[in-house]
Amino acid sequence: MNKALLQPIVVICICLFFTSCVRDTDFNQAEDVALTPIIELDLIYFNLSANNFYDSINSNPILSVTDTTEIRFLNDGELQDRLQKAEFYFKFTNSIPRNFQVDFQFLSETNDTAYVAGTRVDEGQPATPVITEYTEIVENADIFKLTQANKVVVTVAIDSSSQNLEGDLSLKSKTTYFLQN
Amino acid sequence: MRYFLTYILCLVGVLAMGQNKQILYGFDAVPQSLMLNPGSHVTQKKHFGVPFLSQIHVNGGASGVTAYDIFKDEAESINDRIRTAIFEMDNTNFFTVTQQLELINFGWRARNEIYFSGGIYQELDFISYFPKDLAILAWEGNRDYLDYPFNLGEISATGDLTTVFHFGVNKKISKRLTLGSRLKIYSSMISFRSVDNQGTFTTSLGGPDAENIYEHTIQNADLNLQTSGYASLTDSENSGDVTSDILGRALFGGNLGVGVDIGMNYEINDAWSFSASALDVGAIFHTKDVENYRAHGTYTLDGINLIFPPLSDGEATLPYYDNLEDEIKNELALDTLTTSYTQLRPLKFNASITYGFGIFNSSGPCDCLNMDGSQLHKQNVGLQFYSIFRPQGPQMAGTLFYYRRISNFLSAKATYTVDSFSSSNVGLGIAADIGKVNFYLAADNLLRYNNLAKAKSVSLQLGFNIKIDDE
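The listed protein sequences correspond, in order, to chains D and L.
For the first sequence, our numbering gives the first residue as 150, with consecutive numbering after it.
For the second sequence, our numbering gives the first residue as 460, with consecutive numbering after it.
Bear in mind the hints are in silico, worked out from the structure with no lab data behind them.
Among these hints, one or two may not hold up.
[What the hints assert, rightly or not] Some chain L residues close to chain D (C-beta under 7 Å, calculated; not the full set):
1. Asn538
2. Glu599
3. Arg602
4. Leu765
Ideal Cβ positions, reconstructed from N, Cα and C, are used throughout, including at glycine.
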């Protein structure tokens, strides 16, 4: 009886261990795994008042002001590889009774221009600010240019200026990064 | 990140409830059952494990997902399946891998009827809970989750590579009661631990008075990672150094700890018996090569505020980006500490109640298979309970078993287990004594063996011993 029982048990166990398998699966699909997160991130913001555009000491209008900031992650190797599309959104609130031209010049580490964008900003009134929205979509070949940049130069140019000019110009902005690997 | 996820998902495929050896528990034909209950019945007179082959144990699992769920060969995109898995799983789901290899195991019955046993084994134990919110953030981004507080506290993982030196005693102290205990010295080679984390990350639309479009807020973050045995490895320049470093630590060169196992077996009457054990009641004291990291604070990011300072030609503007980085570093301080810490071992409890029937006494007048002289039954049925303390609380398993001594050289045990992974885990173990060589093999989740990819957990133990019942 013992032998009679032993054999089938051993055979069954051996069969179980040697026939166990992993089937109906395709592990090559791992290569198709793609993370496609969409990330919303604040960019820059500023608040300028009318007197930023007039030099009261020398009584001269200042027709444009410029500032620069680094955006170091933009030319990071990983972002260069993964960025599919970037959507910049700028929202200006203007209570200065003048039109503005605002330009964004993206520069590389060697200060070569990599990408430019810009918009007109409508004039407002001190009591009734006007909102100008502007969206810049960067995709395809332009992505390569954009991700060569690591800083942005912002130039705010006013059509004309005087000592009595009143009001404020503010900017809020964000970028939507569409990533894929 | 993509590869990290892929590896985690692949692990799911090849690798059971961490450390539960429900088949071996109470399986007295296998000397290693003493490792699960130092107070269990010992039927042999002596045993020697075949070095490096006396117990090979691998055990892995994922409580929320199977490899088949992810990699099944169907038209639907793998990315849709991963997305479904991420949303179906919970932060209480976990991934675990345990591996043990006995280097030496031996035991003998002394004249005073105490069964002494000892040995050395190496253990790898890893568990990570599923950080669901971070997985969603990595997979989907924050665009569709405005105002949703991503929970950073879901990060919870521990990993240990340890050598254990042990020595135990076992004695039948009365007709019905057997008691045993085992002293363990741990030598930790590498250990890391990140538990008790907290904090949230939220992106919300700024109101009319907000500085910018969004407010990205990290709230009450407190994230920590304790490591030992890791910092010096990253300093080692070539892999030869790393290998010799780790081997040195395996032999009392690592961070040392101490613990005990205790266990008992009580025969309530001729048919019923009760057993229980507590394993790894102890701690490792991490004092050498310790590096702990802690990041904590609250911070709201608005973007970069340009102030258009009046500049003369060639004058550089303010270093906005550097200032922002400094501000973040100040508000979310990252501390690196080298203070010692004590780590409790994952405490395990086993208990069983057994009903035995049929008298087993095949060896004639000298009942050599039964050196401690208690009644052996041909068949046993019973219930087992197992629990292990994990970072997020105990994990438990219940097992129904049937144990049969088929002949004086063959025993088998079948188990049906309900645990965090599944409620249909059938396991089978056999132990054969061929001459003086004792061989055993135990595996669970047999119902899934025709396609392991569908198993949430797999556990396998096998080993060879020399068992001497008489001389």
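Hint by hint, here is what the structure shows:
1. Asn538: Hint holds; L/Asn538 Cβ to chain D Cβ min 6 Å, cut 7 Å.
2. Glu599: Cβ of L/Glu599 sits 6 Å from chain D, so the hint holds.
3. Arg602: This interface hint holds because 4 Å falls under the 7 Å limit.
4. Leu765: Interface hint status for L/Leu765: holds (4 Å vs cutoff 7 Å).
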